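Visitor: Read off the chains here:
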Amino acid sequence: MSTHWIVALTCCLSLPALAESTHPLLAGYAVQARQQAPQFAGFSAERGKALYFAEVPRNGKTMSCTTCHTADPRQPGKTPAHRNVAPLAPSVNPERFTDLQKVEKWFRRNCDDVYARACTAQEKGDFISWIDSIR
Amino acid sequence: MKTLALAAVGGLSLTLLVATSSVADDDNHNGYKRPKRLALPSDAPLLWKEECAACHMLYVPALLPAEAWRQQMQTLEQHYGSNASLDAQQAREILDFLLRSSAANRLPVEPSATAGEPPRISQTRWFAHKHDEVSAATFQRAAVGSRANCVACHHGAERGDFDEDRVKIPR
Numbered sequence: 001m002s003t004h005w006i007v008a009l010t011c012c013l014s015l016p017a018l019a020e021s022t023h024p025l026l027a028g029y030a031v032q033a034r035q036q037a038p039q040f041a042g043f044s045a046e047r048g049k050a051l052y053f054a055e056v057p058r059n060g061k062t063m064s065c066t067t068c069h070t071a072d073p074r075q076p077g078k079t080p081a082h083r084n085v086a087p088l089a090p091s092v093n094p095e096r097f098t099d100l101q102k103v104e105k106w107f108r109r110n111c112d113d114v115y116a117r118a119c120t121a122q123e124k125g126d127f128i129s130w131i132d133s134i135r
Numbered sequence: 001m002k003t004l005a006l007a008a009v010g011g012l013s014l015t016l017l018v019a020t021s022s023v024a025d026d027d028n029h030n031g032y033k034r035p036k037r038l039a040l041p042s043d044a045p046l047l048w049k050e051e052c053a054a055c056h057m058l059y060v061p062a063l064l065p066a067e068a069w070r071q072q073m074q075t076l077e078q079h080y081g082s083n084a085s086l087d088a089q090q091a092r093e094i095l096d097f098l099l100r101s102s103a104a105n106r107l108p109v110e111p112s113a114t115a116g117e118p119p120r121i122s123q124t125r126w127f128a129h130k131h132d133e134v135s136a137a138t139f140q141r142a143a144v145g146s147r148a149n150c151v152a153c154h155h156g157a158e159r160g161d162f163d164e165d166r167v168k169i170p171r
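Each protein sequence line maps, in turn, to chains B and W.
Read in order, the letters of the first sequence are residues 1 to 135 in full-length UniProt numbering.
Read in order, the letters of the second sequence are residues 1 to 171 in full-length UniProt numbering.
There may be inaccurate statements among the hints.
Calculated from the model, a selection of chain W residues having no Cβ within reach of chain B, i.e. all distances over 12 Å [stated by the list, open to error]:
hint	residue
1	Q78
2	L95
3	G145
Derived CB-CB ranges, DEER-like [unchecked claim]:
hint	chain 1	residue 1	chain 2	residue 2	range
4	B	W106	W	D43	26 to 32 Å
5	B	N93	W	R92	35 to 41 Å
6	B	R34	W	A128	54 to 60 Å
None of these hints come from the bench; they were simulated from the model.
Nothing here was measured: the structure is a model prediction, and the numbers come from that model.
Each residue gets a CB set at the ideal place from its N, CA and C atoms; glycine is no exception.
Construct the entire structure; sequences and hints are all you get.
Guide: Structural data, given as structure tokens:
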């Protein structure tokens, strides 16, 4: 299943219609978001930011994306199991959000850890719009 | 007083002897002398090095028996409270490596004290035996992190170097 739409996304990345300022992964997520919800009306960096900072009670503690990636994604973070995590913001770490399989793998894991569910294509696109706008 | 204390100590070490004798057996009689055999295998795939060291240090395969790794790799979606899931092909490649590289480990599989968790290295009797002089408070120091963060005290841990001559406990 998921491999299929990764192929689908990859095919769309090279579409010439892409504006230069939008992140290359967004076109594919937009296609998928429209499939998931026909009323899809574009991505919002504001909502992406809210997703990053939202705090959720998990196993007696609060979890959020900041737990491991810190309140400033331009800074290195740390996991609860004591591993350093390189910054998430592409402006300081250009390797981020360049490999769709890797991005998908960590959305799958991290959305489950924090929200106990998968993130939607809308949420992923919102998130990338925000993180890619940080300078 | 003194004799009493001595007797108590004597009793204690006897209990310890009994409790750890099976571990000692594994260390000596099966021709399996850890930690000398803990070294990182030279054919370790990059996939394993990257995937299994993203959230914590890299644990060399000989630290657990093969069956314990099998249980680990079957439960990656609920991996100690974290989702560590992999696609099936990558999981297979990592499992194959872990199984063949842990063959020398003949210790029994010991379930984790926490229900629903796969086995832990840091909760085996072997681990307790090797660290009987390290206090719980030492493991909890901020600079250490936890019992599972071997690399805080054994700087070569990710290469499988646990030689006690090179142990350094951070303040």
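Visitor: Give a verdict on every hint.
Guide: For each hint, the structure was consulted:
Against chain B, the non-interface label of Q78(W) is violated: not every CB pair exceeds 12 Å, the least being about 10 Å. With a closest Cβ-Cβ approach of about 18 Å to chain B, L95(W) is found to remain outside the 12 Å limit, as its non-interface label requires. For G145(W), the condition that its CB be more than 12 Å from all CB atoms of chain B is violated, with the nearest at approximately 4 Å. The given range of 26 to 32 Å is respected by W106(B) and D43(W), whose C-beta atoms sit roughly 27 Å from each other.
Between N93(B) and R92(W) the beta carbons are some 30 Å apart, a value that contradicts the proposed interval 35 to 41 Å. Restraint check, R34(B) to A128(W): a C-beta distance of roughly 56 Å satisfies the suggested window 54 to 60 Å.
Checked against the numbered hints given earlier, the structure breaks hints 1, 3, 5 and satisfies all the rest.
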